[in-house]
Amino acid sequence: MSDTAQPSGPSFRIDMLWNDSRYRSTFIQVVALFLVILAVMYLFQNVVENLAALGKTFGFDFMTQPAGYDINQRLIDYTSRSTHSTAAVVGILNTLMVAVVGCVLATLIGVTAGVARLSKNWVVARLMTVYIEGVRNVPVLIQILLFAAIFDEALPAPSAFRGEDATASMWLGEMVAATNRGFYFPMPVWLEGSFWVVVAFFASILGAVWFGRWANERQQDTGEALPVLPIQAGIVAGGTLLVFLVAGIPIGLDYPALKGFNFQGGLYVRNSYMALTLALALYTGAFIAENVRAGIQAVSKGQTEAAFALGLRPNRTMNLVILPQALRVIIPPLISQYLNLTKNSSLALLVGYMDVTGTLMGITLNQTGKEFETLFLGMAFYLSVSLSVAAIMNLYNEQVKLVERTSAVGMGFSVLDLFAGVTGKWEVLKKGDATMKREYGIRGLLNLFVVFYAVALALMVDYTFLAEITATRPSYFEWSGAKQIATLLMLIALFATLATCLFKNARFIDLAVMDLLAFIFAVAVGWPFGQLVEGVSGAAIVAIGLGARLAIIGYTIFGERPNLTFFHRVRRA
Amino acid sequence: MSKTDTRALAFVSSGTIPPSPPPSSEVGAVHWLRENLFSGWFNTILTLASIAVVVLLVPPIVEWAFLDSVWNASSLSECREKGTGACWAVINERFNQFMFGFYPPHLYWRPILTFVLLFVALAPVLFGSLPRQMLWFSLLFPVVAYFLIWGGLGLEPVESRQLGGFLLALVIGVAGIVLSLPIGILLALGRKSHLIFIKTICVVFIEFIRGVPLITLLFVANSVLAYFFPPGSNLDLILRVVIMVTLFASAYMAEVIRGGLAALPQGQYEAADALGLNYQKSMRLIVLPQALKISIPGIVNTFIGLFKDTTLVVVIGLLDPIGLIAATRADSNWNGIIWEFYVFVGFFFFIACFGMSRYSMYLERKLKTDHR
Chain A
1 MSDTAQPSGP SFRIDMLWND SRYRSTFIQV VALFLVILAV MYLFQNVVEN LAALGKTFGF
61 DFMTQPAGYD INQRLIDYTS RSTHSTAAVV GILNTLMVAV VGCVLATLIG VTAGVARLSK
121 NWVVARLMTV YIEGVRNVPV LIQILLFAAI FDEALPAPSA FRGEDATASM WLGEMVAATN
181 RGFYFPMPVW LEGSFWVVVA FFASILGAVW FGRWANERQQ DTGEALPVLP IQAGIVAGGT
241 LLVFLVAGIP IGLDYPALKG FNFQGGLYVR NSYMALTLAL ALYTGAFIAE NVRAGIQAVS
301 KGQTEAAFAL GLRPNRTMNL VILPQALRVI IPPLISQYLN LTKNSSLALL VGYMDVTGTL
361 MGITLNQTGK EFETLFLGMA FYLSVSLSVA AIMNLYNEQV KLVERTSAVG MGFSVLDLFA
421 GVTGKWEVLK KGDATMKREY GIRGLLNLFV VFYAVALALM VDYTFLAEIT ATRPSYFEWS
481 GAKQIATLLM LIALFATLAT CLFKNARFID LAVMDLLAFI FAVAVGWPFG QLVEGVSGAA
541 IVAIGLGARL AIIGYTIFGE RPNLTFFHRV RRA
Chain B
1 MSKTDTRALA FVSSGTIPPS PPPSSEVGAV HWLRENLFSG WFNTILTLAS IAVVVLLVPP
61 IVEWAFLDSV WNASSLSECR EKGTGACWAV INERFNQFMF GFYPPHLYWR PILTFVLLFV
121 ALAPVLFGSL PRQMLWFSLL FPVVAYFLIW GGLGLEPVES RQLGGFLLAL VIGVAGIVLS
181 LPIGILLALG RKSHLIFIKT ICVVFIEFIR GVPLITLLFV ANSVLAYFFP PGSNLDLILR
241 VVIMVTLFAS AYMAEVIRGG LAALPQGQYE AADALGLNYQ KSMRLIVLPQ ALKISIPGIV
301 NTFIGLFKDT TLVVVIGLLD PIGLIAATRA DSNWNGIIWE FYVFVGFFFF IACFGMSRYS
361 MYLERKLKTD HR
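Top to bottom, those sequences are chains A and B.
Numbering follows this note's numbering, in which position 213 of the first sequence is assigned residue number 213; successive positions increment by one, without gaps.
Numbering follows this note's numbering, in which position 238 of the second sequence is assigned residue number 238; successive positions increment by one, without gaps.
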């Protein structure tokens, strides 16, 4: 058995393709690629034939034609003479309005109900169990329709508020009127000088944050704990109130009042919106409550006992020991509940609230008969929301995950590798690595700036695609080929970011470099930057855009600690 | 330690003194109330507020739904004459329609039989103690169910548009789950695969489907899907809906099964490799049986979600329970009834979903002891 001569014969046989591990994976992938291409071609050909048989064409030029229908609740100017793309933007804004308000409400309801269900108070805990189980197990559509029916049928008509013998009265001290036509809330009126109040508000928030950090550092150094929360609240409230009074009370409230047959003034919100938002918030809140409960229960009792043994009081035990661990469990499902709420808001169609499903994928689709194009755009909207949120969530998960036995992280080529000679090898470090240091301050903020920049880019792409800039601007598919390519490159840069975020390898530098190239290309082919914002010349936008991009790249590469420490992506010292 | 002279003591107890009862505030109902309901001012307020909510809500609801309700009448006006509460008479009259839609009444036995057979087919999957031969019937069940519901093979054929009500919801839900299971397994394996191209396809598919609302996929089923088939092929609307619902459910199923695969200890994969099993065999014999077993509660939860989501088919004009509400309200006899429908349909869904979620929790507890 000493002789291990090479077997004679041909070195490659055809069956080695699926038996030999050297070739097998390539072979399987090539076959799969081939099959996928075949399937796509088959489907594509069917679509082409079917469309040709019906005499339909594919194109987005309908987006610049007048929509011809009215939308009863809108956040931006819109008339029936506006284009389909404006209608789509109105719908998108309406969707976002439901989603944002619904998420805030659902979080409040969910956290309260989740904590209350764990309460030692038997009555409260049972009541919350009934709420959670009852709401979770009934389709959300029924709940939305039920709320809409309650608002339409059970609320009084505006005429019931009139006269001496009024059968209905306004709530909260004559501030809110709930009628079968909709809800009327007081609306803030922004007078001259209100700008400074807003500035003061944000400035005092910054001050409060800065104070919190300072107090934290002080406690680390001296061991002396300050009452941080009351002081922070004082800074925010006091600072804002001071400017508010000095500026001469520039913000007032416009109350709704009954005039004629209806209420006038104030903020008018349709019943369809209220029903949709409340039902979605209650429904999603029940799921969030379960997540919160599971998160709190996931922290073992030993942690509480250990904290008590160290002499921490219940309050601090909750803040310093239980919550940080519970949040790790709570936040990922919480975010996916937010996404569910956003997706469920498409049910607006059934109560007559015009969200993006109702405008773009509803009336526009029916009027123009462009099923492919409208559904594509609508899905792209929902998808971009979902993927952006998923990207942020992945970053969060990366940050909070426990260190385990794992294999190599990340994959794929990064533009960053080109700069490896300058910056040294970049790595994704894990929690617990000795060189890892959280860095706040100006550099951490710059990192956030890069992220916001990506978001701004996304908005810009959406804007150029969907919104009307000037009435004469031709639609995308009527642009010159070079302009189309420039826009496409920007889109690719955007999706490259989203994709790299999604695969747990946040490489914003890739985005920055690709986007810089796209931008230079766009300038070279004469992209219509001058039309982006009314009254600002194209040269200024080009200069600002170029400067911002170069600054970001320079910062990312040559900054003293250039890496995204905000997301634990640091260079090994 | 020294020995005491007992005679010197005046009194020595010969037995133990019985323990005196605890103070009345520390035992029984009073103690429980103090501890759990009135332990502080905040808790007391909460308790009183909760009791107030219950007292305010429950009596009117009971009065409306039971005490003052009318169960037998032929129209809404007759209902209102008989009582001020709920008019359940409409549900009474339209019960069969809510269950079966416009399915021919003399053929009701067929969906009912299918429903019973569904449990026969499920039994061997859920209970390992039953004979394994029954799995063959489980495999055969989709075919049997198809012919029982739509007819054919000598049975009187029934058209798709005659299906409705909870029958339709169940058909779409069960078909979606059953068909999505194999696709979901393949997607989950693909997502964990080392083959970069296959992994990419699976990830893109899963994230795409999970990123868009079901309602948009139903729009696709309604208006676009037919274009993807060869010209001239005329697909039934319910079939198109089932196709899209299957794609939808398979993405969620893939994530559930991926969770099951991830929950399996790494050692199981390594052991399979060490035994010299190739990929197919290690998956079929070692990994999948365990991973699928862990995933059953998740699969049940996916089914609950899908079953609730079947109500969305009303947007493309199918007559599911909610679609039937609109149809019934349009009837001049019952025009004006609102709450009864929502309460009835919601209650029905609640019973079904609550039961299933309890079952999945029970399964979760049962399976936990095996693995921890």
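Hints may contain errors.
Cβ-to-Cβ under 10 Å is the rule here; a few derived chain A residues that face chain B [stated by the list, open to error]: (1) Y78; (2) N121; (3) I142; (4) Q325; (5) L327; (6) I331; (7) Q367; (8) E371; (9) V385.
Pairs of lysine to aspartate or glutamate, EDC-like flavour, derived with a Cα cap of 20 Å [what the hints assert, rightly or not]: (10) K281(B) <-> E270(B); (11) K281(B) <-> E49(A); (12) K120(A) <-> E26(B).
Hints were generated in silico from the structure; no laboratory data involved.
Since the structure is predicted, the reported quantities are computational estimates derived from the model, not experimental observations.
Cβ coordinates follow ideal geometry from the N, Cα and C atoms, glycine included.
Results for each hint:
Against a cut-off of 10 Å between C-beta atoms, the interface hint on Y78(A) is violated, since the closest Cβ of chain B lies about 23 Å away. At its closest, the beta carbon of N121(A) sits 5 Å from a beta carbon of chain B; the interface hint therefore holds under the 10 Å criterion. Below 10 Å, beta-carbon pairs count as interface contacts, and I142(A) has one with chain B at about 5 Å; its hint therefore holds. A least Cβ separation of about 20 Å between Q325(A) and chain B goes past the 10 Å threshold, and the interface hint is therefore violated.
The restraint placing L327(A) at the interface with chain B is violated, with a minimum CB-CB distance near 21 Å, outside the 10 Å limit. At its closest, the beta carbon of I331(A) sits 18 Å from a beta carbon of chain B; the interface hint therefore is violated under the 10 Å criterion. A cut of 10 Å between beta carbons decides the hint on Q367(A): the least distance to chain B is about 13 Å, and the hint is violated. Of the supplied interface hints, the one on E371(A) holds, with its beta-carbon coming within about 4 Å of a beta-carbon of chain B, less than 10 Å.
Residue-level restraint check for V385(A) holds (minimum Cβ-Cβ distance to chain B is 8 Å; threshold 10 Å). As the CA atoms of K281(B) and E270(B) are separated by approximately 13 Å, the hinted pair is consistent with the 20 Å bound. Distance check on the hinted pair: K281(B) and E49(A) sit about 43 Å apart at the alpha-carbon level, beyond 20 Å; violated. Among the hinted pairs, K120(A) with E26(B) is consistent with the structure: their alpha-carbon atoms are about 17 Å apart, no more than 20 Å.
Violated hints for the displayed structure, listed by number in ascending order: 1, 4, 5, 6, 7 and 11.
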